[in-house]
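Novice: Okay, here's what each chain looks like letter by letter:
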Amino acid sequence: MSRVPRLLPAVATLALVLASPATAQTTANASIQALAFVQGVAPITATGVNDLDFGIVLAGTPTSPTSLASQAGRWDITGEPGAPLTASLTLPVTLDGAGGSIPISFSATDGLQWNPFPTTSTTFDPNIPYLTNIDGSGNLTLGISGTVSPPAATTTGNYTGTITLTVSYL
Amino acid sequence: MMHASASVLLAVMIGTALPYAAAAQVSRIPGVVPRPFTAIAHKDLTFGQVLPGIPETVRPDDVRHAGLFEVQGMADGVVRVEFLLPDALVAPFGALLPIAFGHGDGFADFSRGRPPRGLRFDPRTPLIATLGPNGRLLIRLGGTVTPARDQAGGPYHAAVSITVYDLGI
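Just so you know, the sequences run in chain order A and B. Residues in the first sequence are numbered from 364 upward in steps of one, following this note's numbering. Residues in the second sequence are numbered from 69 upward in steps of one, following this note's numbering.
Hints may contain errors.
[To be verified] Coverage of chain B stretches by chain A, computed from C-beta distances (three or more under 8 Å per stretch; other residues unrestricted):
no.: 1; region: 127–141
no.: 2; region: 223–234
[Stated by the list, open to error] Footprint (simulated), chain A over chain B, 3 or more residues, beta carbon under 8 Å:
no.: 3; region: 111–122
no.: 4; region: 162–174
no.: 5; region: 206–216
By construction, these hints were calculated from the structure, which means they are not laboratory data. The beta-carbon is built from N, C-alpha and C at its ideal position, and this holds for glycine as well.
Next up, chain B with everything else stripped away, as it sits in the complex (with noise of 0.2 Å):
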């Protein structure tokens, strides 16, 4: 959306002659000013320990394991979320521990706070969310991982990325 602003200045010598005095008049056309339209990446996405042949599930509504992302915007604005999600998570040596995704594993937050209030959503397609009064929305994400019975040990971690579409109002 298109925002332009003008002032007028018009200074004009009004009435009996006053030498050097002036009368001033300013009209200024009010222009809005677009909130900064930020995505935040607040908590990652954490397993704990995971025990080898046990599939392990984060749910997207759990404040403490599941991802915590934050978009801000304007007010009432409507926007598109796409996920980037892995397929597995990576060991420095190599292994790989597969993780999936699925219907119910994104929950999008209009509590703004504990228990979290929502919707929940299947994170692999696109999300149209309107933002709330505020202007924010959260949207927290799970998952379930699922270890071999002879996964290696020791850590695994992958990137997990939103890219956020502003739709307008």
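Chain A on its own, in the form it takes in the complex (with noise of 0.2 Å):
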């Protein structure tokens, strides 16, 4: 008896798989810098480093500093070394307070332009822009003294305004 070969069971595997699709990127960014560098004169800053303080001051008496060093205004300015400016004061008339206001007023030698501070000063007059030049190594210092007259029947009390310092370059 012959052994008649079997055909061994087909097998048959099917498997399907489907590839995730590739999810193509619709967008992109890119980001570069726009550089210059510019020669050109130092900026010019003011900063506030003293008030102007009057002290006690007696009701019915004008009253200025005693000492400029001390009690007068002062700015300290920066910039370009040697260059011309311009400087205005924005110059308060009164200085208000509990009881009210009391009149403050400057005078053409209120201004002041330190050579160095505190040993030397001139003079100029607040109420208009004055012109100078910023020194050699970069620096000017300004200050600003004036006089207070509180009227006799002032009450007792503090009283403050604000002086504002404008500079620039010509």
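Once you've looked at the hints, go ahead and assemble the two chains, each given alone in its own frame, into the complex.
Specialist: In structure tokens:
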């Protein structure tokens, strides 16, 4: 008896593999810098370093600072060495406090340019724009004095105001 | 564009039975794998030393000073490029240096070499362009800075960006 070869059962395997669709990126971004170096003047800055302080003032008595070095207002300015500039002051006409207001005034010699601070100063009229120069080291110190004239019946208390300096290159 | 691929594995026992012998036929449907779509920042836009009161211009075909971007994607793909441009460069201490971009300050460079060859465009408006047969596009950027007479000295900088949209083929 012969053996009839048998076909081995067919084995079929179907493997259906769906690859994930390749997701295409639809946007992209990139950045660069725009660069320049300006061969220009140094930036000009002004910093208030001392308030104009009249101290204790008697009602009915006009009073000005006795020590300009310690009581006068003062700003430090920096900028291009030797550069000319103009300085303008916004000056109050009164100081305000609990008892109302008291008059303040500035004469033609109440503006100060220190050369240097605190030893030597020259005066200018703070009521009009002042033309001067930054020194060779890029610095300038300006100051302000003034006179307060509280009326005789002024209420006791503190009285304050704001003085603004604006400097700009010519 | 969506792509799918499928593999079919078919194993069949064929012919006179040979135990453990099998013939396998594999067919595979090829899929298209898209090239990565990227935007590359290659070079800053550099004006160098600028004098107060004197405008300084960089031409977009100035390979030394013009800004340079590259877009990479599918060969002959179509893209839309949009610039985000500053109005001024800024110094560390806050001073501003005005900068302007106008007609012809953009350059789509098709030469891939020196001297650059291509088309000038206005970077303030979107650019529709085709990537080259190698799937690449170079984009150069010029501009003009206008320092004031009393412009403060020092370094100034600002960012310039592009957004690129793949519009397909």
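Novice: With a cut-off of 8 Å between beta carbons, are at least three residues of the region 127–141 of chain B near chain A?
Specialist: holds (count 4)
Novice: For the region 162–174 of chain B, do three or more residues have a beta carbon lying closer than 8 Å to a beta carbon of chain A?
Specialist: Held - the region 162–174 of chain B has 3 residues with a Cβ nearer than 8 Å to chain A, which meets the minimum of three.
Novice: Between the region 223–234 of chain B and chain A, are there enough contacts, at least three residues with CB-CB distance under 8 Å, for the coverage claim to hold?
Specialist: With 12 residues in contact (Cβ-Cβ under 8 Å with chain A), the coverage given for the region 223–234 of chain B holds.
Novice: Please count how many residues of the region 111–122 of chain B have a CB within 8 Å of a CB from chain A and say whether that reaches 3.
Specialist: That given contact holds, which follows from 10 residues of the region 111–122 of chain B lying within Cβ reach (below 8 Å) of chain A.
Novice: Please check whether the region 206–216 of chain B has three or more residues whose CB lies within less than 8 Å of a CB on chain A.
Specialist: holds (count 4)
In the structure shown, no violation is registered for any of the earlier numbered hints.
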